[in-house]
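Required output: the full structure, derived from the provided sequences and hints.
Chains as they are written, first to last, in our numbering: chain V, 2 to 399; chain E, 43 to 734.
In case anyone wonders, no lab produced these hints; they're calculated from the structure.
Please note that a few of the clues may not be correct.
As the list claims (entries may be wrong) - Derived coverage of chain V by chain E (criterion: at least 3 residues anywhere in the stretch with Cβ under 8 Å from a Cβ of chain E; other residues may be distant): (1) 39-46; (2) 151-159; (3) 165-177; (4) 182-191; (5) 289-300; (6) 355-367; (7) 371-377.
Unchecked claim - Dumping the calculated DSS-like pairs for lysine-lysine here, alpha-carbon to alpha-carbon at most 30 Å: (8) 624/E x 23/V; (9) 534/E x 396/V; (10) 231/E x 113/V.
Unchecked claim - Listing some non-contacts, in silico: residues in chain V with all C-beta distances to chain E over 12 Å: (11) 63; (12) 64; (13) 75; (14) 76; (15) 93; (16) 101; (17) 209; (18) 280; (19) 334.
Just so you know, these numbers come straight off a predicted model, no measurement behind them.
By construction, the Cβ of each residue, glycine as well, lies at the ideal position given by its N, Cα and C atoms.
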Amino acid sequence: MNEFSDNQILNKERPFAPQTQKRRQTDTAVSWVFRLATYGILACAAYIFGDIIVKGAPVVFRAEAPFINVEFFTRSPETLVVFETQDGTERQLAFSDYSQWKKDNPGVEIAKEHTHSYSGGGILGPLVGTALLTIICIVIALLIGQATAIFLNEYSSKGRFINVIRLAIMNLAGVPSVVFGLFGLGLFCLFFPVITTASELRVEGWRAIQLFGTEKYLAFQGWGTCMLAGGCTLAVMVLPVIITACEESLKAIPMGFREASLALGATKWQTIRTSVLPYAFPGMLTASVLGITRVAGETAPIMFTAALAHKDKLPWQGLAVNPESGFFGRMLSQVFGFFTESVQAMPYHIYTVAARIPQSEYTRPMQYGSVFVFMVLVMCLSALSVFLRIHYRKKMKW
Amino acid sequence: MSQSDPSSTPSADSKIRGGQFRKKGFTVFGLDLQDFIRFFFSGNASLAIVILVLICVFLAREALLFFPDHHQGLKAYRKSGQEFVDFVGDEVNDFTILYSNANVAYYAELNQTSLEQDNLLAAYRAVQSLVKNETSRVRDRLEDHLDDLEDVVDDLEEAEEDLAKLDPAVDGEKIAELKKEISELNAEKQQLEPVIAELRPELRKASETILNNSLTWKFDDASLKLSEEQREKFREAVLRDEPDAQGDHPYVAELKKISAGKKAAAAEQLVDFKATVTALRDAAKPLKSLHSKLKRVASEAKRESEKFDTAPGRRAALLEGAAKTSDPEEKARKIKMAEAVMIKEPDFATLTQPLYAAIPEHKAIAEKMRTEVAALVKQLPEKASTQGARERLKHARKAERTFDSTVSASLKKMDKWNHDKRYSVIGSVTAFIFGKDWVTNSSWHDFYGLLPLFTGSLMISIIALVVAVPFAVSAAIYVNQLAPVHEQNLVKPAIEFIEAIPSVVLGFFGIFVLGTMLRNVSQVEWLSWVPGFPMSERLTILNAGLLLAFMAVPTIFTLAEDALNNVPGAFSENSLALGASKLQTVLQVVFPTAMSGIIAAALLGFGRIIGETMVVLLVAGNKIKIPDFSEGLGVIAQPAHTMTGIIAQELGEVDNGSLHWRALFMVGMVLFFISLAVNYGAQKILIRFQKV
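Printed below as a string of structure tokens:
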């Protein structure tokens with residue numbers, strides 16, 4: 002304020018005098034400080050991207066056709082065996098290849114063999130797992146989130162109930178992801194009901210209810226560590242994001258649409274179905290992409306509910322089927338078996354290769370390759386959601 | 043959303059057939075289809091409440107069961123006398139800190155004189171081992187061949203000796219045999235020699251290639267720097283170092299000799315120091331032996347107590363087994379075994395009797411040791427030639443004071459101690475919240491104290507906030523107020539884009555890049571004024587804090603930018619009209635008006651940071667200990683563990699329903715309430731100051 006009053010005294014005679022040179026200089030200097038801070042943040046981001054791209058891209062891309070490291074995308078992580086043959090050439094093979102190689106070359110003497118866990122093969126398993134988890138999560142979250150948003154925007158009137166709901170959503174958004182993990186573990190993995198036979202019953206008392214007239218029990222013993230539990234946990238976590246985004250897209254639709262429809266005698270639901278939802282669709286699409294972006298990157302909630310560090314099979318392989326049951330029984334048990342498989346997941350895989358194995362020249366391709374692929378995927382999704390938002394905002398103008 | 047409800051249209055019109063305002067369709071309990079649809083949607087919406095309640099229930103279900111179990115454990119801890127023994131244990135621990143500081147100071151002083159030579163030798167060893175590793179293939183082969191050659195030569199000598207002993211007249215046959223052998227051995231030797239002669243230059247060449255690589259001469263330790271001349275000598279020494287080389291290169295040998303000589307001379311100088319340190323160690327011997335003696339007593343009592351706790355369970359299991367077996371003999375045996383299970387509570391008064399008996403002994407020992415230690419610490423040299431030793435001596439003196447007060451406290455506590463004293467329920471709660479140790483799977487006693495985890499989380503969050511807020515708010519001011527529109531449209535999405543980087547990727551970056559980078563930067567000399575520099579660890583509070591700051595920037599930026607955006611345009615227009623410059627307007631009018639929103643943004647950023655898991659799990663170093671604040675701000679260079687990290691790390695490994703498991707749920711509950719409180723606070727601030 003001091004400078005301000007100085008200025009006034011100085012320019013007493015000329016109230017509309019231009020600002021002093023000194024004033025302008027400080028202004029420029031301070032704005033440069035703000036500008037530098039802004040670009041500093043962007044520089045950090047650029048450095049992180051750059052580092053991962055520079056070190057990760059060579060793992061994924063190849064100089065000759067097909068230009069992509071196919072093996073990296075078509076195999077699951079395995080132990081990497083590094084060994085030297087007697088003639089001094091060094092070879093790196095994934096464990097299954099190594100066994101095969103040993104069978105094919107029985108005479109060759111092997112020197113200096115050492116293994117690196119999780120560093121061989123590719124990342125097919127984690128990719129598939131992440132995709133499945135994300136799909137399950139987004140289907141559940143979109144169904145519930147959509148309905149909630151419709152209620153909040155179309156049906157609700159001001160009152161206590163709505164305040165409580167809004168408060169709950171707001172608080173849900175702030176809960177740490179690891180707490181969602183604990184919650185998912187407690188509810189989905191260890192409590193939710195399943196129908197089992199007596200031999201697989203792990204609980205007693207009121208938590209095991211014999212179904213009338215059968216040998217089966219309805220047991221509140223949880224689904225175990227599986228993708229359904231992980232997907233539900235993630236869905237709960239992402240719910241506030243989806244609700245907010247869906248509500249926004251509903252809000253953007255002009256009131257006139259509804260009023261016109263209602264004036265023509267349509268019921269409330271007809272109005273929503275024909276005059277609101279079709280126009281909200283793009284916004285909902287954006288919301289789901291945004292939700293996928295959030296969910297795909299999360300690790301903590303799936304650490305105890307769904308993910309495994311190592312798994313040989315893909316989730317749909319080797320499902321146990323009881324041959325005695327009928328067609329529907331088999332179908333049902335197969336579907337349920339599929340959803341109760343545990344999976345590998347990209348973020349958990351990255352955690353494993355970052356934290357549990359030491360850095361060396363042999364493990365680095367897997368480490369950087371996984372991170373690169375994962376980051377590119379998530380970034381593409383994020384960019385897609387930004388693009389969709391801008392695109393539809395421009396297109397939908399009433 | 044105050045639309046007119048279609049169901050409340052006048053009913054008179056509904057009688058008109060085919061009219062637009064038809065009557066309601068079917069109803070159940072007076073509710074029609076529209077109402078059901080409405081209930082469906084409101085039901086979905088209330089799911090948010092249900093989920094929040096369920097989270098509370100499922101956290102609380104496990105977490106609240108923690109306290110009874112914890113209380114039980116603490117009761118056993120007191121009853122068995124472990125608590126008593128830990129009073130002595132505290133003294134021993136404090137003394138150990140004192141002693142190790144004095145000891146390290148001594149060695150720092152001792153090695154100080156030969157530091158130059160030791161550093162050079164360390165550099166030499168680093169290069170040597172690198173070269174050895176890289177050339178191991180050739181080197182191993184050469185070594186094998188040299189071994190073979192040695193064997194052959196030995197055999198040859200032996201054979202020749204034998205040959206000389208034999209009398210040609212008598213042992214003609216043997217001589218022929220030996221001669222044959224000798225010629226064979228000679229042939230072998232001739233075969234080996236050229237191979238070796240070939241391998242030697244090969245090894246030399248391989249070594250030279252590595253030595254020529256400038257990376258070989260870059261050391262992890264920045265203080266290792268070699269002159270051109272020294273490098274040349276080391277190069278010679280490494281090249282000379284073939285598998286069959288005898289002794290060291292003269293230069294290396296000389297270095298070793300000088301180093302040893304200087305150390306010996308220094309030891310002579312420091313003989314008093316050494317004597318003091320040894321005397322210190324000896325002074326603690328009685329206390330240490332008393333401690334281990336008492337420890338055995340308490341462990342025995344603890345075992346008895348555990349036996350007693352599990353007895354009913356074991357008995358029930360045996361009886362159940364007996365009920366199931368049909369063989370009467372087996373049944374009788376099992377019932378007998380079940381009856382044999384001791385269900386009577388062990389007599390802790392007898393078990394802990396030796397502890398009470400040890401009080402006077404301990405008092406005598408502790409008082410004596412206290413005076414001895416005080417005297418000895420006074421004898422420690424006042425001055426030291428190295429910075430490290432001075433620091434250590436300072437720490438040792440401080441540790442002496444701590445030790446002294448610990449002894450007084452322990453003596454008092456022991457006098458009052460009673461194994462039968464009730465352990466209050468509140469005591470078990472405070473033992474969790476203010477407990478200084480988180481020790482699990484120990485053979486002594488498991489402690490579940492939140493404090494080390496909480497301080498870790500808090501420190502990391504504070505660092506992150508201190509770094510993130512200025513950057514994020516500056517960026518928000520710049521983007522919202524100062525930048526031209528086209529720049530706004532580029533920068534804003536770019537910063538928001540950062541939010542999409544998965545946390546595990548950032549954690550990965552922290553381990554692989556930032557950690558090493560920070561450590562290298564911290565070793566730069568002119569930065570040594572920064573607290574905590576130079577850092578010895580890669581995974582530290584600072585590293586995690588910086589990454590979390592980066593994560594929190596987009597959150598704080600977006601919210602702060604919103605807050606600035608919400609400031610009515612008239613404010614800045616008025617200010618500008620009064621002749622204030624753009625910057626004056628921004629800093630003195632717009633910014634203060636948006637202050638509440640910015641504070642709320644920082645608070646929400648804090649909520650996001652303290653709940654973040656993967657980055658801290660990967661980067662914070664995971665050391666469960668309250669950071670040592672004696673170094674002031676330098677504490678940021680230490681590793682720590684966090685509340686989120688401990689859950690993620692340990693939950694996968696513990697038994698469902700055990701005390702440890704419940705402790706982790708309890709930590710989760712604390713986190714949950716912290717996040718609720720932060721959220722609530724931010725909302726309150728926003729609402730309170732919203733009306734400008």
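Subject >> Enumerated hints in conflict with the structure, sorted upward >> reply: none
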